[in-house]
Amino acid sequence: MTAVTDRQRLAYVNTQASEARVNVELQTEDMTLNLGPQHPATHGTLRVVAKLDGEQVVDADVVCGYMHRGYEKLTEVRTYPQVTTLINRIDWLSSFANEVPFILAAEKLMEIEAPPRAQYIRTLFFEMARIANIGLFLGEMALQVGALTPAFYAFRDREFVLNQIEAATGGRFHPNYDRLGGLKDDLPKGWIAETQAVMKRIREFCDELEGLVAGNIIFERRCRGVGVIPAEIGKAFGVSGANIRASGVDWDLRRDEASPLVWKDLDWKVWTHPDGDSFARYWVRLQEVRESTFMVDQMLEGLPAGSIQAKVPRIIKVPAGEAWVHTENPLGEMGFYIVSQGGLGPFRCKIRSASFNNVSVLPWLLKGTYVPDIITILASLYFILGDIDR
Amino acid sequence: MLAVSMPYWFETLIKTVVVLGVIPTMALMLGYVFLMKMMSHMQSRLGPMDAGPHGVLQLVADGVKFLQKEDLTPANADKWVFAAAPLLVLISTFLLYVVVPAGPRLVVQDLDVGIFFALAVSSISVIGVLMAGWASANKYSLLGALRAAGQLIAYELPLVLAVIGVVIQAGTMSLQGIVRAQQHGAIFGFGNLGEPFILTQVVGFFLFLIASQAELTQTPFDMPVAESELVAGYMTEYSGFRFLFFFMGEFGTAAALSAIAATLYLGGWYIPGVHGLAADVLGPVVLITKMMLVAFLIFWVRFTYPRFREDQLQAFAWKYLIPLALANIMVTGILKVAF
Chain L
2 MTAVTDRQRL AYVNTQASEA RVNVELQTED MTLNLGPQHP ATHGTLRVVA KLDGEQVVDA
62 DVVCGYMHRG YEKLTEVRTY PQVTTLINRI DWLSSFANEV PFILAAEKLM EIEAPPRAQY
122 IRTLFFEMAR IANIGLFLGE MALQVGALTP AFYAFRDREF VLNQIEAATG GRFHPNYDRL
182 GGLKDDLPKG WIAETQAVMK RIREFCDELE GLVAGNIIFE RRCRGVGVIP AEIGKAFGVS
242 GANIRASGVD WDLRRDEASP LVWKDLDWKV WTHPDGDSFA RYWVRLQEVR ESTFMVDQML
302 EGLPAGSIQA KVPRIIKVPA GEAWVHTENP LGEMGFYIVS QGGLGPFRCK IRSASFNNVS
362 VLPWLLKGTY VPDIITILAS LYFILGDIDR
Chain Y
4 MLAVSMPYWF ETLIKTVVVL GVIPTMALML GYVFLMKMMS HMQSRLGPMD AGPHGVLQLV
64 ADGVKFLQKE DLTPANADKW VFAAAPLLVL ISTFLLYVVV PAGPRLVVQD LDVGIFFALA
124 VSSISVIGVL MAGWASANKY SLLGALRAAG QLIAYELPLV LAVIGVVIQA GTMSLQGIVR
184 AQQHGAIFGF GNLGEPFILT QVVGFFLFLI ASQAELTQTP FDMPVAESEL VAGYMTEYSG
244 FRFLFFFMGE FGTAAALSAI AATLYLGGWY IPGVHGLAAD VLGPVVLITK MMLVAFLIFW
304 VRFTYPRFRE DQLQAFAWKY LIPLALANIM VTGILKVAF
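Just so you know, the sequences run in chain order L and Y.
Residue numbers for the first sequence, in the numbering used here: 2 to 391.
Residue numbers for the second sequence, in the numbering used here: 4 to 342.
Just chain Y, same shape as in the assembly:
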């Protein structure tokens, strides 16, 4: 409940504006910090340095460049589907942000089935990717899209199963509820410190990271966009602003999934000893810090490993990740009942 009561339409308007502002900012932040700077330094080079101090404004400059590019549609493309696909991918990203809490009261809508909703909408992007690949009338795009579909379906399952451990421990699917559950846990009797679920769900945390890596189609699971094989996969035929949509979708989703991982396993916006209004002010900062930590892990792996082959990826999901996730659920369930 907000302290000042506002008309429903006004509240909705504010939320919409905030979400519309937050997502590009998150995408740009991740793109700059990790894709441009961290990757460059890991590869012993500087990366962009000219636009703004230390190249901060490079992505803004790139965005302006994308706006000026010609909006190409291949002659054989299915024009409506081709145009709709990036939007669908972006919508999936936007919907993810609806349930992520950034403070005790800073959440667009705290749904009772929050995490369920988040995982459900994150898979809408598959449809967008398939549409993009099919409508481009390009063989590389089609191969990329089919790979993406197979991969995202295979990795949706470990993602969901990894989360179930947390849901069992917290006893709720609401993300706000999960954060609260982590506030009241106790480690070795120190109740006021809270218990981030990573301490008990460390297997689940890494399963979630691996599966979200695949969900984001980042190396080592980047077959759908494998540059050296499929040029750019389903994005091959896109240019200008439509390509920017895919880019924003990719990094926006990376930020969202990192934030969800931070919420599920690292305690979300909560730090010990901060309550009330202070939590509302500090919450976003804490959440973003934790999100960046998780995103660092994801991008670190991305810049280090080679990519799997499609069959190896499927085997990895079905033979290792899913059994491990099921075992994790079982152990969590038994321990929950026992203690």
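Bound-form chain L, shown alone:
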């Protein structure tokens, strides 16, 4: 009798099993496609585990946290002026817009208010950060749908905005410009005229992309009716920003929330779109960038004179208490909930960032779509990985 090794026995069992499977019925298996954490469409380290039947998505799961940097915890061991350095890096494409709600929350606790000129300049850079951020999206989305050229146009024209931000703040990506009770510096000489020229340029860029991308029939075919978020579903998942406005919800914190910033003084419009699909999200963002350039123009004209810094103590201690401030950031609602116990830094700081809630709708949204649509939907939801994982 020949000795049968375990391996041979296992091989025999496997053959029997596979034959049995074939004989019972012709069963097809779902394929699990792992998009990310390193995939060109997830611009960063988001991971989407999609179960596919052919090219159709049966089930999708979003895994995040590959870039978690523990910012909420880190704020607890830093003083208030130091924290802005950290939160610059949450949504790294519009860093200045991150600083503002945090500083506003701290100012609320200290019961101080920055002078009007500082508020104007804050709002100015807030909107410029929006232009820099969403301007890139306008090209990036086209890139995800397959057109290479608009992405380069977006990088080219965003550069002018970044140059202006750098000229005034000293930082291209991470300005770290906002201070408790005011700003780091005043605007440099000649900056206003230059910025007006840049805003004109950005409007030309918007017109160009409106024809090149939004007006392209292939782009429209790829995006219309793809990834529709109904208003109710969007609200239930906490989707915010342009994503929810594209679903027809007229909700913009710049207008709806009382804020020391100067949006209420400006003449502007909240853009919405009734469709809620990927094309609507692109279209709403395109209009918002254009609207922002007009807002910047208005602020440059109405810039009041005066100081840019309120009087604050040399060593900043924030009185005990709790404060919540949220603003309409380029990606959506961003809020800071600060708990202070009277120390040099926050006792606890909860960061509500827009992208985390925006991508939470993905498992619901991706069911039943096709693989190319995953990419369109991911691109049109527009998230920044730093904003998801913090």
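Careful: at least some of the hints might be erroneous.
Stated by the list, open to error - Just some of the chain Y residues that point at chain L, by a computed CB distance under 8 Å:
#1 Gln46
#2 Arg48
#3 Lys142
#4 Leu146
#5 Thr222
#6 Ala229
#7 Glu232
#8 Val234
#9 Phe306
#10 Tyr308
#11 Pro309
#12 Arg310
#13 Arg312
Claimed, not checked - One-sided excerpt, in silico: chain Y residues whose CB lies under 10 Å from chain L:
#14 Met226
#15 Glu230
#16 Leu233
Bear in mind the hints are in silico, worked out from the structure with no lab data behind them.
Here the structure is a predicted model, which is why all the values come from computation and not from measurement.
All C-beta atoms in this analysis are idealised placements derived from N, C-alpha and C, irrespective of residue type, glycine included.
Guided by the hints, dock chain Y onto chain L, whose structure is given.
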């Protein structure tokens, strides 16, 4: 017939060497002029500038770089099939050049069924692509390969149907014969100018361009290699020289299909008033100029448009291109009989 009679083996050797030299040159030329320079200038940037004057030698440098790269084979790959796939793609490209005439006597083999042969061998590359996708043991590769197969089958048909219009007009399938037919046509009575078929087959020309765009898997039909979805499709797992084979296959085929389009619709190597030995000398230059014109159109579209979705692509082929091609054949046939 060549003026000096040579032994068969010697003639074959010369032809082989010429073809082996021509294809990489064509691929490099297209890669440099369009992929690197034209695309860069369209995107308001300069592109590579350092290797050679204006970056001319960049692709040569890239080729050397590819030679130095590690030749990776995934652990689960089907090794033989994985290795054979790029070769098969390249063979399909090489065979295309066999029938393209570059002058009255400058053709590797003037087959009677020239255009038929060209379209037949161009579809061999599908097998290579499928092999590459399957053997890579990678889901992205597999999806890319399946897309490529579906796409190439769908677009083979309009490609063939578009050509039939030319074949009806010329009355021959030999590419040399088609060039000659375009020499003797007449426009408004000016017989010596010749009649490039683009004047009568303009629908066929654009059908051919669209279908060859899909055949080359270039944007807007680049789903098989869609970078933002499938990383690099069937090429994902390839590196080093094998990847270079795919690259050469892609651009070599682009050059070949452009040359075939130039031959079918723009008169090939022929320009009015040049005959005999002068045509042999000038022919390649004329053909390459016309080829670059056609390739410019193909690449222009590539850098401008977003890509279709797979189902939209199939619908476009079956609902629009094929009926249009059939109508073109019918009209051409009726007019041919009538005049």
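These are the hints, each one checked on the structure:
At a threshold of 8 Å, the smallest CB-CB gap from Gln46 of chain Y to chain L is about 4 Å, leaving the interface hint in force. At about 6 Å, the closest approach between the beta carbon of Arg48 of chain Y and any beta carbon in chain L falls short of 8 Å, and the interface hint on this residue holds. Hint on Lys142 of chain Y holds. Least Cβ distance to chain L is approximately 6 Å, under the 8 Å limit. Interface restraint check for Leu146 of chain Y: the shortest CB-CB distance to chain L comes to about 7 Å, inside 8 Å, so the restraint holds.
Interface restraint check: Thr222 of chain Y against chain L, minimum CB-CB distance 6 Å, threshold 8 Å, status holds. Given the 8 Å rule on beta carbons, the hint for Ala229 of chain Y holds: about 7 Å separates it from the nearest Cβ of chain L. With a least beta-carbon distance of about 5 Å to chain L, the hint placing Glu232 of chain Y at the interface is held under the 8 Å criterion. For Val234 of chain Y, the interface hint holds, the least distance from its beta-carbon to any beta-carbon of chain L being 7 Å, beneath 8 Å.
The restraint placing Phe306 of chain Y at the interface with chain L holds, with a minimum CB-CB distance near 6 Å, inside the 8 Å limit. A cut of 8 Å between beta carbons decides the hint on Tyr308 of chain Y: the least distance to chain L is about 6 Å, and the hint holds. Restraint check, Pro309 of chain Y versus chain L: the minimum CB separation of about 4 Å is within 8 Å; hint holds. Interface hint at Arg310 of chain Y: satisfied, since its Cβ lies 3 Å from the closest Cβ of chain L, which is below the 8 Å cut-off.
Annotation: interface hint on Arg312 of chain Y holds; nearest CB of chain L at approximately 5 Å, less than 8 Å. Given the 10 Å rule on beta carbons, the hint for Met226 of chain Y holds: about 7 Å separates it from the nearest Cβ of chain L. With a cut of 10 Å, the hint placing Glu230 of chain Y at the interface with chain L holds, because the nearest CB-to-CB distance is about 6 Å. Interface restraint check: Leu233 of chain Y against chain L, minimum CB-CB distance 8 Å, threshold 10 Å, status holds.
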